Structure formats: C-alpha cells, structure tokens
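J.: Numbering of the sequence shown is given in full-length UniProt numbering, commencing with residue 1 and proceeding in unit increments.
No lab work stands behind these hints: they were computed from the structure.
Accuracy of the hints is not assured; some may be wrong.
As the list claims (entries may be wrong) - Using C-beta positions, here's what the derived DEER-type ranges look like:
1) A95 x A452: 49 to 57 Å
2) I541 x D739: 47 to 55 Å
3) T682 x E171: 51 to 59 Å
Being a predicted model, the structure only gives us computed values, none of them experimental.
We put the beta carbon where it would ideally sit given N, CA and C, even for glycine.
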Amino acid sequence: MNRSNAPSSDSSRDCTSTGDGNEETCRINAPNSGTWYVQINGHSRYRDVNFRVRIVANTNRCDYPGTGENRDFVNCTESATPTGRTVDSEKTNFATWYSYHRTRSKAAKAGAGRAFRPQGNRVRVGYRTIHNRNNFDINVNSGDGRFINDYDVTPNITNRATWYSRLYAAESSSGTPLQTALDSAGQYFSQSAATGPYGPESGSNQYSCRQNFTILTTDGFWNTSTVDRNNVDGSAGSTILGAKGESYQYSPTGPYSDGYERTLADIAMYYWKTDLRTDIAEMGSNAASRDKNNVPTSAADPAFWQHMVTFGISIGLKGNAGYTSVASVPDNITWPNVGDAEDADRIDDLLHAAVNGRGRFIAASNPTQFAAGLGEALAAIQQRTSSFSNVATNAASIRTGGKVFNASYVSGIWTGAVKAWNLDATNSPSTLAWEASIPTTGRKVFTYSGTAGATFPTSSQTTALERTGDLVDYPVSGADNAAYIKGNQSLEGGSLGQLRVRTTLLGDIVGSSPHYVDNTQTIYVGANDGMLHAFDATTGIELFAYVPSILNMAGLRDLSRGDFAHKFLVDGPVVASTRTLTTGKNLLVGALGKGGKGMFGLDVTNPAAFAAADVKWELAETPGNNMGLVTGRPILAKVKSGAVAAVVGNGVNSTNERAVLIVVNLETGAVIREIDTGAGSTAAPNGLAAPTGILGPDGRSLAYAYAGDRLGNVWKFDMTNANPASWTATKLFTARSNDGSGALQPITGGVTVATDPRTYKRWVLFGTGSFITTTEADDKTPGTQSLYGFVDNGAAVAYADLQKRNINNTGAMQDGYPVRSFDAKAALPSGKKGWFVNLPGAGERIVQDAQVVANILVSASMIPEGDACDASGTGYINALDAFTGTSAGSSFFDLDGDGKTDDTLIGAVPVGSVNFGVGMPTLPIFLDGKLIVGGTNSSAADAPGDGGIVRKTWGRVSWREIRKD
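From just these sequences and the hints, can you work out the full model?
T.: Written as structure tokens, this is what we have:
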C-alpha cells in the first residue's frame, strides 16, 4: 500500500507500507495541502480491503471541544463576523442552501427561477417536461400567455404563478428522452388551434410574426426513444417564399449538415427549415400566391417563416468536440456519430441542435453557471423579440447647400445613423457624402451638475448608473456603465453578465429631427442613447455630446443590459438661434420629447471648442407644474418684454394635464410666463402641440402664437403686451369628427399660418390625429380625422362656417402609384370662413405640421397597418389649394418623371394625393422643384426617396419661419 501526493505514476512516495499483513499504519507529519492519492498494487491475496484516515490536529489548535450548553471556542482569535455575516445571516444562508440548492435538481430549479425572474409581460412563456407529463404542461397562451409580473397578477392572469408552481413541483425520472421532448415542442409550434401557441386568437386573427423558441436543458445524455427524422440536415429543403417577395431554400453545408440520421440535430433542423404554418394566409391582393411569412429576422436567424429556434443547455456535462458555444463551431466541423453509444458525443449533438436551430448552447459546470446560462438564453430571446423586425426608418431629413441630411434608426438592435447625401445635377440625392462617426478616444461628453455644466459623469450620476444583483441583472459599476455610455466597448459580449453589444455607438433617432446651424456648419440631433449629438456637417465627425441630467437615469442605466428593452431618452426637438436673433451667438434649446419632461439650453457658438461652461441651463419642471413631454419644435423669438425666448407647447403628461404655452428665457432658462388655456384635466388629459408664431408690426417681436391641443382645440395666444402677465389665450375652434360620432379630433402635429395673397387674410391650417400611444399605433378605427383651413378674423369659428370638401378617386393608380384627387378647383361659397376635408383611409391621420408652398397646402398623412406584425403602414403626400380646400387647379406632381406636371390627371382633375410607397411618410422637404420624402419602409442604405417633380412656381420658403403680421 502506497501513499503519495502525486498520481501513482510518480515515483515520489511520502509513505510506503512494509508488508502484506493487516492493520498496517502509515504516519505523515505536517502534511502539505493538496490532493492525496492512495495506491494499491494488485495481488491475489488482497480481499475485503478497507481504508481508514485519521487526522490528528495540533493540541493548541482553534477548537470547539466538549458537549452541552457550556461549550466554547478555545485557542481561537475571534472576530465579530468572520464571514462578513452575522450568526442569524449564516443560519438563513444555510436554510436557503438546504431548501433550494442541496441537490442538483433543487439547484437547477433555483437557477431557473432566478433566471426567469426579470421576464415581464412582453414574452409568452410555456412549460413542459421532457417526459411529456400532460398535467404539468403549460401552453404559451395560458392566462393570455403573458408572463405577468408578480405585482400585476389578477385572478384571470396566472401564467407566471402557475409556471413557478410547476417548476418547483417537478420531479426527476429515469431516462433522458430529449429527442421526443424536442419533437413534441416542434409539433406544438405547428398547431393552428386557438389553444395552441398562436392562440388565444383563431384563424386569420392569429399573429403570423410570432417567434417560437425552445430551451432544452439536461443533465444527462439523451437516451430511450428516438424520432424518425432521417438526416434532415443532410437534405435540401423546400423553397419558402416570404411576404415581401423574398425566398429561401436550405442547402446542406457546414456547420449544419452531417451524415447521420435520427439525431437531436435532425429534429432541430426539421423544425427550423420547415414552414410550420402554411395555413396562415397572406392578407391582401397576393393572398393566392404565398403564405404570410413575415417572422422577424436577425443576424443570428434569417428565417422569415414560422419555425422553431432551439437553445440547448447542458448541466454538468461537456461534449468531446471541445466547442462550448454556437459561435465557436467552425464551418468545416465533422460531427460525431451519436447513435453508436450513450456518451459525451450526445452533448455535442445538443450543441449541433442549437447550431441547426439557430439558437445558442451553454455548457454549465455548476448551478451558478446554469442560472447564468439560462439567463443568457433568455436575454438572447429578448433581444430578438424586442421589436417586430429590424427595420431601418428615415426619421427626418433636412437640406442645406449641396447636401441632404437624414437621420434613421434600426429597431430591434436600436442603432441610429445620420447621413449626408450629395445632390446630383437634377437636385436628387445621389451619392453618400458621409455617415456620422463617433470618436473612440478623446470623446467630449458633457452634462449638468444641477448648478453648472460638467464633464459626464458627475459623482451622483456615477452612483445612479451602478447596477447590482445577480448575473441575470447584468451587474456593472457606475464608472464602467458611464464608460460604456461614452463609448467604451471592452465590456460588451454575448455571455450573461456582459454588457449589450452595439454595432454602432450612435443610438436610435426617432422623434428628434436633425437641425443645421449654418454659421458653424454643424448638425445637431437627439438620440435614444441618452445624448444630444453635435456633428461636423462637412465630415460627419462628432464634435461633442451632451447628456441631460434631467434624464431618467434608470433608463440610461439600462442601456447596457444584455436584455435591453428600448426606452426613449433624448427624443425631442432641437433648434438653435441665429446670430441675428441672439447677437453674435448661437443658443440651442432641446427637449427630451418622449424621453421625459424637461428642456435644456446650450451655447453652441463654437461647437468645436464646446466646454462645460457652455452648458447654460436645464428645466425639469415649471413653477406651475405644467411641463409635459415636449415633442413640438419651439419657436425662438424676441418677445415684447424684451427677452429672447423659447416658446413651446407643454405636451402631454404634465402634472396638471392641461394645454399650456410655456415661454422660457433662452439665455437663462427662467420661465417668463405659462399661458394656461384651462383646457384639460385628469379625467380629460390634454397637452399643447407645437406653436406657430406671427411677428408684430415692428418685424422683430413675437405678437401672436397659434397651437392645437389633444382635445381638438385651436388656440390663439395674444402676446402683444410688454407685460407677460397680460398675455392671453383665446379658443378659435374645436375639431370634432363629423361622421356622426362627434368625437374630439386631437391636434398633435402643430398648425400652420399663411396669408392668402388675394385677400390678405390670415389662415390657420392643420390636420388632426394622434400616433403617440401603443393603442393609437395599433388602431385602424380611431374615428374620422380631417384636414382643416379657416380664416382668423378674431372670432371663434363653428362647423357651420366651414365648407365640406372631399378626397375622390380613392383606389386609382397612375404610373405605378396609388393616387387620389380633391374636388375640382372652386372658390369658397359666400359666407364660409374655411373648409374641411375628411381623410378616407381606415385609420388615416395627420400628425405632422403642414406647409404652404405657393398657395399649395402640403401635408403627409399616415395610415397605420393595424397589424401587430407590420408597423410600416402606408400614407399619402397631399397637395391642395390652401385657401379653398379644393384641387390646386393644375398638377403638382410629375409621376412619370418626364419633367412635366401636365400629365398627372385623374380624368379631368389633377392628382392631388400620392402614395409614394415609402410606408408612413415623413414630412417632405423641397429641393428646387424636387419633393424629398422618407418613411417607415426606407432602407438603412438608401437616400431619402425622390418623390418626383413638383410645380416650380414658388420661391424658396422656410415653413417654420415666423411671418410678419
């Protein structure tokens, strides 16, 4: 019998027996720490061998000798809390371990419970055992399907509580039938019944874009029954057509294919490459040609058809191939034969299944890694399902000099872009001049300390940006999180606990339009990465960024989470003064928009040398508690009191829920006046949209402002008095649906004011509709919305004062475009003060400002798809006579591109409304006779769309300029 501190092949011995008798002993004094080995040399005389190890400690060791209540520690150096915990904490810790972690099964349950804890009601979660115990199954549509948070559980929605109950009550059984379990999941995702995964809806009401994921976890090699899937990954698939004309056919290639059959990988491949729901019909004119295959795709999963994605997690076991993730598997891998033995090759088969199923694979060697791995899988699923698709959308465009600038975003991964496009000889956007870039080192990022400008982050912001908790909470120090926000990408990665991977540092730009300052050739825009960005308009390089301290820091903190769910941060309008208005200076004012309540002011006179001292002010709330989500662009103008001011509509969600015009000193941020209309309450929440201003007789000071609110009111604000306390609000009109419902028509896009050159009367022009809430985005029946125009003669206007006009020829096509027309050109009847036109599209509305171009009112109307699977929608660019509400009299568009507008007629009436196929269109801009429009169908690589030639009978206008009275 030999004892050694090394394996038996090592000749070094610490102690060796001297004979072959019984009761031999071997003593080792002061043994070294480490692993000790006992070696027996085989002999026929050995039988019934027993070993006994006795450890004798030093007599003056720290000990707890004796029995009974009077025992005590001896020879010990005592500390109050040696582990950093109290005795009671130690007892609690032991009880927790004993209850939830003392066995591998309990540890797995605890890990799963911890990993699923952050999941909210954005996902639908089901449950089933690998042994298919029907009484334990939970369908994903159970209790409305949503994984409701604990605090949101109602008697009718118990999916989360039921799920946890089944998890903790589960018992282990012999056998590991992974093949039948995975096949059963695939069959489940193929069901069409209302009780299946696409329920509780039935038939054509089921959502064709639902994504299906299976997470298969095991602590053993699969065995027992196999499924008859014969080398599916080694066989070509059928051609599958998509809803947008795309096609796909699987071709056997690495790393997916092998030469074997009846493998777990074959099952995963079958349910990935097969269209599981060919019965979901396409809605629309091409219903007969293909199914509605519009499942969101991603870089990890290109499948646009209904299919199943497979995630695999191995607990305590690793395969022989040596690969521990899907990403690490090379294309030329040779997969093992998994049918010849129940061994570690079958863990590689689980990895292979995750490869074929376009999921992920995690090999967890302990319960903590299992919880982390499961959380990683859930985070990946959240990332893939965070949006309906990765759609690039043009948020807005502006034009200056020889370039067009447009901002866009990609949902799902929530990145943004600002691009400059060169104009060709015909003034059409042609080649890309630059795409905005952010420095990786030496970046200048500023914020506000509460009293003055500062470098981001301040100490309090660092504290607020810290995220604690388990790996599923993506813990990060405040300093590291601030570094991430500023652009450090060293902590990014795909594993749980690592920070979210960004393909670009610029966040999504949704509600903020680029603003160009000519003096310094600088572009400013807000983004939902929590910053206002300043870009050099000649190169696209970021000059500086600003993080408003009034941001919701919890939202900013979560930008780095691996399971990040989109949040609006700096999503509001941005505008800067001219050096004429603010002598020698450019002062910028920005708002958070949908990102929260508040505004901020910066001195951007020298953006290349911007410093903390150039941060002027921030305003989180007004003295009257009227600050809401400011989404309308401010007016910058001198007011009669002598100050240069930013004049804004307070927006929705203010504390008082009323429509209020806020006038702020541009230099100091002090509130000069809040002009409260009194319209709105908690029961009828309201908010004021973007104002339009009119200068007084001096040509320098703001005399009147006009704005609409969410309750359909049009307000005129008299600011002619030098004393702000004397400024007043008068209601001119209330827009109501005239379809018989009498419903109020919200005004969210602002109003336009223009003077009729024939009568010199001032007109107020606007459209109605809202697209702010999720409910509004999904609603195709919000009540009839309208386009209005009426004369402001100082008195209120009633519906009886307006002449009804019409949009005609809906459904007509010309030169490949859906087109419509307005009533033939005609003057207003005597006694009428204006007109209105009802928008005929289902859910059609106007949520942007209109603009007047040479007596033509141009507006963009949008029609949401009303389908949760398609957020692109459609819409029209409308052009009609601003002062009659009828046709412009001659064509405004050149749809066939021949340079003439005399051929765009519907019968004898000019085309007045065109769907350019860009989805829901953005507000158009005009380039010397060209109409440029973007929309929700735009590609991230495309320039803003050229909508064709328009009439060139107008001069250059700035529809946002303040006009002289």
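J.: Each hint: holds or not?
T.: Now for the hints, and whether the structure bears them out:
1. Taking 49 to 57 Å as the suggested C-beta distance range, the pair A95 and A452 conforms, at roughly 52 Å.
2. Taken as a hint, the range 47 to 55 Å holds for the pair I541 and D739, whose Cβ atoms sit roughly 52 Å apart.
3. In this structure, T682 and E171 meet the distance hint of 51 to 59 Å, their C-beta atoms being roughly 52 Å apart.
Every hint, counting from the list given before, is met by this structure.
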